[in-house]
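Put the complex together from the two separate chains, hints included.
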Amino acid sequence: MAKVKTFDFDTLSNHAGQRPDKETGSRAVPIYQTASYVFRDSDAGAAMFNIERGGHVYSRISNPTTAVLEERISALEGGVGAVATSSGQAAVFNAIATLVDQGGHIVSSYALYGGTHNLMEYTLPRFGITTTFVDPNDIEGFKKAIKPETRLIFGETVANPKTEVLNIPEVAKIAHDNHIPLVVDSTTTTPYLIKPFDLGADIVVHSATKFLSGHGTSMAGLIVDGGVFDWESTDKFPQMTEKYEGFHNLSFTEEFGPAAFISRVRNEAARDFGACLAPHSSFLVLNGTETLSVRMDKHISNTNKVVDYLNGHDMVEWVSHPNLKDHPNHDLAKELLPKGSTAVFSFGIKGGREIGQVFIDRLDLFSNLANIGDAKSLVIHPASTTHQRMTVEALEEAGISEGLIRLSIGIESVDDLIEDLEKGFRTASKALKK
Amino acid sequence: MYIDVDNHKTYIATGSKEHIDGNMGMTFIHGTAMDHTVWTLAGRHFARRGLNILAVDLPGHGRSEGDVIPSIEGMADWVVKALDASGQDKTIIVGHSMGSLVAFDVAARYPDRIKHLAMVGTSIPMPVGDLLLDSAKEDKDVAKEMVNFWSHSQAAHLGGSQVPGTWMIGKLGRLLERSGPGVIYNDLKACHDYVDGVERSKQIQAPTLFILGEDDFMTPVRNAKELVENIPQSSTVMLPNCGHAIVNEAPNEMLDALATIV
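First to last, the protein sequences are chains P and A. For the first sequence, counting from 1, position 321 maps to 778 in this note's numbering; every step adds exactly one. For the second sequence, counting from 1, position 143 maps to 219 in this note's numbering; every step adds exactly one.
Next up, chain A with everything else stripped away, as it sits in the complex (with noise of 0.2 Å):
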């Protein structure tokens, strides 16, 4: 469904189910370039199971109006107005790779309106190398490549994906390539300057579920083990075999993992 946030118009995806009104929220926000795809299965799931989905395009992506936003704050706040603009009070918030440091500074900024937070593919810092970020930012396509190449495990590049005959590199890399101009380079610099973020774990008051892969070579699993450690009340569900795109590559642990918390 379309809602207005800043005087755009803003996508969000609901799982195919109307929001009921007082029923728990559950937001998802995506990755790096990408939209709400990602989350079809997970977003229809717990539609199913009566929370009120809202698996957002951040302005600048998929379907929704709007400049990118070039910082990790200011997509959280945006979120926030998000939240406000769909009438949800309280939410449970999940984000991937960039995403998850979207829903990490919501839950650190705004932590009333945060019941639970679940960081999928996750590090902080989480910085970019000069080579990637430099081809990002002059828009070349071996950026997406790039992105591409190490977001999926050395298994993944041979397949086997979860949902039936997909070829999860080519999907990956046809939704990249559907991103705007600079929308790549803007996102990874937000990921890149974000940098606070260790010091706010401390202010983290919502448990905290962290969904990793063994074999991420875009956040290593040993970058994110400062934040667990701060976060009081954090979990870990490491997915053996599985690089970052978790979303593409274990659907279905990312779901089991995420039913513990709903």
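Chain P with its partners taken away, still in its complex shape (with noise of 0.2 Å):
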């Protein structure tokens, strides 16, 4: 049987998108810090604002440092193209608001990152989207909450903080039955862990604040298309196939075919709404992707040895990490993710929120932030900080306890980490025996 041998992922995620300057030799990728460009002639400087030639007109479209990054994630994921943002959250509202008008609706997953969920929950009903949450391990419900204006499935990979793992095939079949695309956000697996495209999701969305950059240095997001989904198949989104008055009567799917939706990301979203990256910061990312592999394999080994610590700790009430036999996505993360699932995870301290911020102010490795994903390992409790607005019903139809801690485990000495821990939970105990 013939096989096309195409570059490994280790070799794109520090090759693809660059080809070295010419003019200098530059092997790094230069930071174009410039926010337009010198148009050849007059006649090329309107052909580049018709879509009539490649390159750049204005940094907050595209930027020849930015367009390295998208192309590399792009094609890390296999996508067709990507467009990056000012951050992951400017990523997740911009493809909403490339596919769902005033009036439409959609159905997530409720294990989100709790900035997502504010998105959906309170800011987009103001615009007239609504969103219904529901249960990721419950299929059935995905199908169920689907209404005629529902325009998109939404889920995380691997959900930030309880580690619920969507089971994309499922979900993306229950989408596509419904001429609907699924969009996934990968912020906690990398296209290293997981290939959502391969899976059946349409979009796949990034925070690349995390493990992308990895060193918790920039604020970066990214939008990644498929290319796949049909949106002909449907008259449920016009934007995407009938003729857009805001580009001289341009119909995307008529002229971009397979690139339709990331072709109306960068001429709408990024255009209109403005959140764009800037180029220093594509740079910091693009430094990241180039050990992407090495610092995930060590992310999720570490991950691996806490985790049994942790399990067997008499501090700790419950541990949630899909490693575990009783972690009810346990299969199918096996499945999904054989090279390990999430680095960044939840356990239950015994004695609640008091006792867990006894815990989290011990510990000096660990640092108490609201990020995850960095090189160095981090803690936060989320009822009171990353997800203090939900409502007590909300916190806990997410399974987010009173108690709960989130570990985003660094790529440090891991006994060093766990001793670090043990620290914690020797002044956690003696606090809980007051």
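Check each hint, because a few of them may be wrong.
Covered stretches of chain P (chain A as the covering partner; in silico rule of three or more C-beta atoms under 8 Å from a C-beta of chain A) [claimed, not checked]: (1) 461-475; (2) 501-511; (3) 535-543; (4) 715-724.
I should point out that these hints are in silico values taken from the structure, not numbers from a laboratory. Just so you know, these numbers come straight off a predicted model, no measurement behind them. All C-beta atoms, glycine included, are put in the ideal place defined by N, C-alpha and C.
The structure is reproduced here in structure tokens:
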């Protein structure tokens, strides 16, 4: 059987999207810290504005440094193209705003990052877009929640912080049976751990602030188009299939075929909403992608040891990680994420919120902050921080208890990390006995 | 827009501009298992410059109905019918890969209809290896993967798209995947079987522009040499670091080259 040998993941993560600079030979991707680009002549300028030539006009729409990042992540995901945004939150919003009009509806897993939940629960309704949240393990629930005005299904590949694994093949089938796309947030997994397009997802969003960047230095987001969804199979997406007055009656599906969605994102969302990524941030994320597989392997191997340690600890009430056999998605994770599922997970400490705070405050290596996916290990108490705007009912629905502590395992010595956690537990144990 | 050709609904991209009676036509013909979208940038450009653009979807490709046509000559005859149906008496004709053979055949056999010929990523003959043909015949996915792989230069396999944020391998891959059952085999076989081209090249009267990729693995430059020499009024633009998928890898250079004949 003939097989086509293309470049492997580690080659693409280092090279994709870049050709060494012709003028200087710069091996690293240059930072094009410029707002705009001189046109060769007036006609070339007109051509650029009318999508007749490739190139850059204005860095809100595209930038040479950012374009390398967009192409690289698209290559790693196996998509047709990507648009970078100023944050992961902007990526989620731009993806939704491209597909859902006023009066539209979203079906989403309720196992979400707090910021995404807030956007869907409180902010999007101001613009006439509503969301029905469903249990990601209730596949029938996704089906039942779909209405005539539903325009997409949304979920996180492995949810933050409770580690629910989205059954992408099953949920994608429900989406496609209803002629709507499945949009997944793969922030915690990155293209190294899972390839959502291969499993049936249509659009992938990332907060590149996290593992893609990997060093907690930059805010960044990405929207990647798989290029497979058939927008013309339904009349639900006139923004993709009908003439767009905002661009001289351009029809995106007619003119861009498989790249219709991402072309609309660039020529509408990037242009009109303006959440563009700074070139220097693109450079920093690109540096992160070069070591992505090496870091993810270390994140995962460290996580495996920390999960085992926590799981047997007498100060721990429960651990939620797909490695564990009692996790509802243990088998699904092994199937969809064979290299490992996530380095971001949660556990419950005995004594609830108060003891949890004592524990967190005693840690030295784990930094108490609102981020995940750093090379350094991180810890936070979601109920009082990232998810504080959720109601008690919504917190319960999402499984976020008062005693829940979220860890993002870094790439330090795992022995030192476990020793740090042990110090915290010793102090917490004393506080509990008082 | 849609026109009727041989009682089949046929799609023609016009570069987002309506045709203007009396204006010169510019006809674009796509390659194996592709469609009009490979010409979007060029079509929009020359439409703005006042040409009537006809970026066709051949029968059984893209949005056009009808059965695929099993020979280059048959496709050429169909293109002339499409010109008639859209009221285009005379046209500049541009083809990529298989489309270049079709454009060439129209120029050879219908010289009165052609003002200028441009052949992008081409050779005559255009033989297709047994491995690829056999895989295509069985409609195996690997046939499309091989076409995608060999269509791009080594450099393009690492990207560097002129269209920001586009992963060229992914984009062409998805386009090829969209083609229906049997389409890729039909097209590759038609290219393989088109053996009279060198002889027919003596009939070409129109000035002819060759746009070739120096790193073309599908139709190596050396295979176009005899063709280039046979056509009296020919010129060649050679693109360095560019493979067969010139429409994907070097749309700007292709546009500049085409602008010289308009």
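(request) Could you work out which earlier hints the structure fails to respect and list their numbers in ascending sequence? (result) none
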